[in-house]
Amino acid sequence: MSEKEVRVRFAPSPTGFVHVGSLRTALFNYLFARHFKGKFVIRIEDTDRTRIVDGAVENLINVLKKLGIDYDEGPMKEGDYGPYYQSERLSIYKKYCDELIENGYAYYAFETPEELEEMKKMQQLEGKQTAYDRRARNLTKEEVNENLNSGKPFVVRLKVPLNQEIKFTDAVKGIIKFDSNQVDDQVLLKSDGFPTYHLANVIDDHEMKITHIIRGEEWITSVPKHILLYNAFGWDIPQMAHVPLLLNPDKSKLSKRQGDVAVEDFINKGYLKEALINFVALLGWHPSEKDGVVREIFSMDELISNFTIDRVQSSGAVFNIDKLNWMNNEYIKNYDLDNLFDLSLPYFENSGLDLNDTEKLKFILNTIRVYLDRLDMIPEKIKIFTKENFEIPDEFKELIYNENSLKVFKTLKDKVENSDELTVDGFKQMLNDTGKETGVKGKNLFKPVRIALTGEEHGPELPNIAVIYGKEKLSSLLSKYL
RNA sequence: GGCCCCAUCGACUAGUGGUUAGGUCGUCACUCUUUCACAGUGAAAACACGGGUUCGAGUCCCGUUGGGGUCACCA
Numbered sequence: 001m002s003e004k005e006v007r008v009r010f011a012p013s014p015t016g017f018v019h020v021g022s023l024r025t026a027l028f029n030y031l032f033a034r035h036f037k038g039k040f041v042i043r044i045e046d047t048d049r050t051r052i053v054d055g056a057v058e059n060l061i062n063v064l065k066k067l068g069i070d071y072d073e074g075p076m077k078e079g080d081y082g083p084y085y086q087s088e089r090l091s092i093y094k095k096y097c098d099e100l101i102e103n104g105y106a107y108y109a110f111e112t113p114e115e116l117e118e119m120k121k122m123q124q125l126e127g128k129q130t131a132y133d134r135r136a137r138n139l140t141k142e143e144v145n146e147n148l149n150s151g152k153p154f155v156v157r158l159k160v161p162l163n164q165e166i167k168f169t170d171a172v173k174g175i176i177k178f179d180s181n182q183v184d185d186q187v188l189l190k191s192d193g194f195p196t197y198h199l200a201n202v203i204d205d206h207e208m209k210i211t212h213i214i215r216g217e218e219w220i221t222s223v224p225k226h227i228l229l230y231n232a233f234g235w236d237i238p239q240m241a242h243v244p245l246l247l248n249p250d251k252s253k254l255s256k257r258q259g260d261v262a263v264e265d266f267i268n269k270g271y272l273k274e275a276l277i278n279f280v281a282l283l284g285w286h287p288s289e290k291d292g293v294v295r296e297i298f299s300m301d302e303l304i305s306n307f308t309i310d311r312v313q314s315s316g317a318v319f320n321i322d323k324l325n326w327m328n329n330e331y332i333k334n335y336d337l338d339n340l341f342d343l344s345l346p347y348f349e350n351s352g353l354d355l356n357d358t359e360k361l362k363f364i365l366n367t368i369r370v371y372l373d374r375l376d377m378i379p380e381k382i383k384i385f386t387k388e389n390f391e392i393p394d395e396f397k398e399l400i401y402n403e404n405s406l407k408v409f410k411t412l413k414d415k416v417e418n419s420d421e422l423t424v425d426g427f428k429q430m431l432n433d434t435g436k437e438t439g440v441k442g443k444n445l446f447k448p449v450r451i452a453l454t455g456e457e458h459g460p461e462l463p464n465i466a467v468i469y470g471k472e473k474l475s476s477l478l479s480k481y482l
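For the first sequence, counting from 1, position 185 maps to 185 in this note's numbering; every step adds exactly one.
No false leads were slipped in.
Straight-line alpha carbon distances no greater than 20 Å define the calculated PhoX-like cross-link-like pairs of lysine-lysine that follow: (1) K410 <-> K480; (2) K471 <-> K413; (3) K251 <-> K323; (4) K120 <-> K190; (5) K94 <-> K159.
Pairwise CB distance ranges, derived in the manner of DEER restraints: (6) E207 <-> E264: 29 to 35 Å; (7) D420 <-> V294: 48 to 54 Å; (8) E117 <-> K333: 54 to 60 Å; (9) S305 <-> L148: 52 to 58 Å; (10) R137 <-> E5: 38 to 44 Å; (11) L482 <-> G352: 22 to 28 Å.
Just so you know, these hints were derived from the structure itself, not from any lab. Here the structure is a predicted model, which is why all the values come from computation and not from measurement. Think of the CB as a built atom: it goes at the ideal place given N, C-alpha and C, for glycine as much as any other residue.
Work out the full structure: start from the sequences and follow the hints.
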C-alpha cells in the first residue's frame, strides 16, 4: 500500500451563521490534516438553491480565519481540484449520473411531489414504514422515453440492490451493518437538475481525492447510499469517521432553541479564539494522559500534534457553558496584556473613560481581568471607576458617618493631597499610616474607605482603585464626607 | 414506530482484564487576602441493569432498559 497524501474536507452548506457543531467538525478535520501534514479542503455544498443565504460563505471563511483555522483549497483559494462550489460542478454530476443510468444503477422517476405525498399518506394510514415504493423501477423503456420526450419533469433515483448486507468500518464507531432493503431509492438528481447531497458528495470526494471523511454522526444512516454509489462507480471508499454530536444540556442535538450556537455570537461576546478552539476540541476528543499528566489547556499547535481519530469519543458531548467560561477566564488571566488590550478596546467604548489613555486603560484591564469570563463583561466591571455622585446605600451609612471614619477620611485625604504621584504601594502605605495615626484598624479602616470611594462593598483592590481614580478625584470624593 | 449509534461522578473525560476507579468544570467547606474574586487545601459525587466468558470484569460477549440520530426532489 502506497502512502497517500491525507486529504480531508469540510463541506458546509451556506445557510447562514456558523454552528458550533460545524466548527467542531471543521476543527477536527483541520487538526487531522495538519497532524498528518495533509491538505484541508473546504467545499461549499450549495445544491439546495432554496436555502442559500447571501454572504454566508464569506462569513464562514471569516469565522474560521478569526479562529485560526486556515485551509489549503476552497473558495477564494483555488487548488487543483476545483471548482469548490458544487453549484459550479453541475456538468460533472450530470456526466456521472448518466453513467449510472446507463449501467443500471439508477433510474428515472416522474412522480410529482403531490403523488409522493399521497403515497406517504397511504403508507402512514396502513401503518407501514414511509419510503419510496420504488414504483418507477417498473417503467418500461418506452414509457420512460415517452415521458422524457414530452418534457415531463423527472428525477433520477438510486436503484438500491435488494437483499444485500451493506457493511463498513467507521474509524470511531467500528463495524456498522445495514440491510439494503431498508435503504431508500434516494433521489440523486433533482428535477431542477441539481444533484442531491448524496450524489454530489460521493462524486466530489472521489474527484477531489479525499482520503478521510470526518463528519457528524447524523450522517451515518446515509452511508449505505454512498457506499452503493462508490461501488457502482467502482471507486475506493474513503475512510469514514463519524464524530459524536454536540448536545444540549437535555442531551438532544445542540440547537438554537436552548442557547447560543452561532460561533459569531461567541466571538462577539468576547470569548477568545484560543479558548473557543481549546474548549471545542475537548468536546468528544481527549489526548491520552501521558505519564499520568492531566491537562486541560492546549494551544492549537499542541492540539495538532496530539490529535488522532482513535482518541475521538463515541458518545455525544454536552456543550457545557460553565466550563467554557472557566476556560475563557483562564486565557484572559494569562493572556499577554497588550494583546488582550487590543481585543478589549471595543468594550471600553462609551464607558466615559479616555480611550486615548491606553496606559490607564491597560492598568484597569489588568486589575479587572481576573473577574472576566468574557470580554463583554468589561462595561459592567468598569462602571465602578466612572460613576459620578453615587449615593451611599442606607445599610452602610452608619459605617461612613461616624467619628472614626471621619478621622480616617480626613487623614487619608491630607496624605493623598500631599503625595507626589499616586502608586499602588504608595496608597497602601498611606492607608496603613492612616490606620496607625487614627487608631482605627481592620474592617473599620478599610471598609468605610472602600464604600466612600465606590459606594460598594466589594470590588477590586483598593490601591488599584485609588491609582485609577487619581489624586484629584480621590480627594474630592473623600471631601464629601467631611 | 423501522433502521442505526451510544451508555464511568450533574457536565467534559482518564481507564484498553487485576486501580483505594484518576483529573477538569460546577457544588460545598477550610486557608490565604482586613472586601469580592484569584490562588491553595480538602469533601461530597460515577462504572444503567441482568446474564454470561474468566481465577478475576468499568474494561470482552449477549440481552434488557435508557438516551440520541435518521427516516425529503435539505444538507
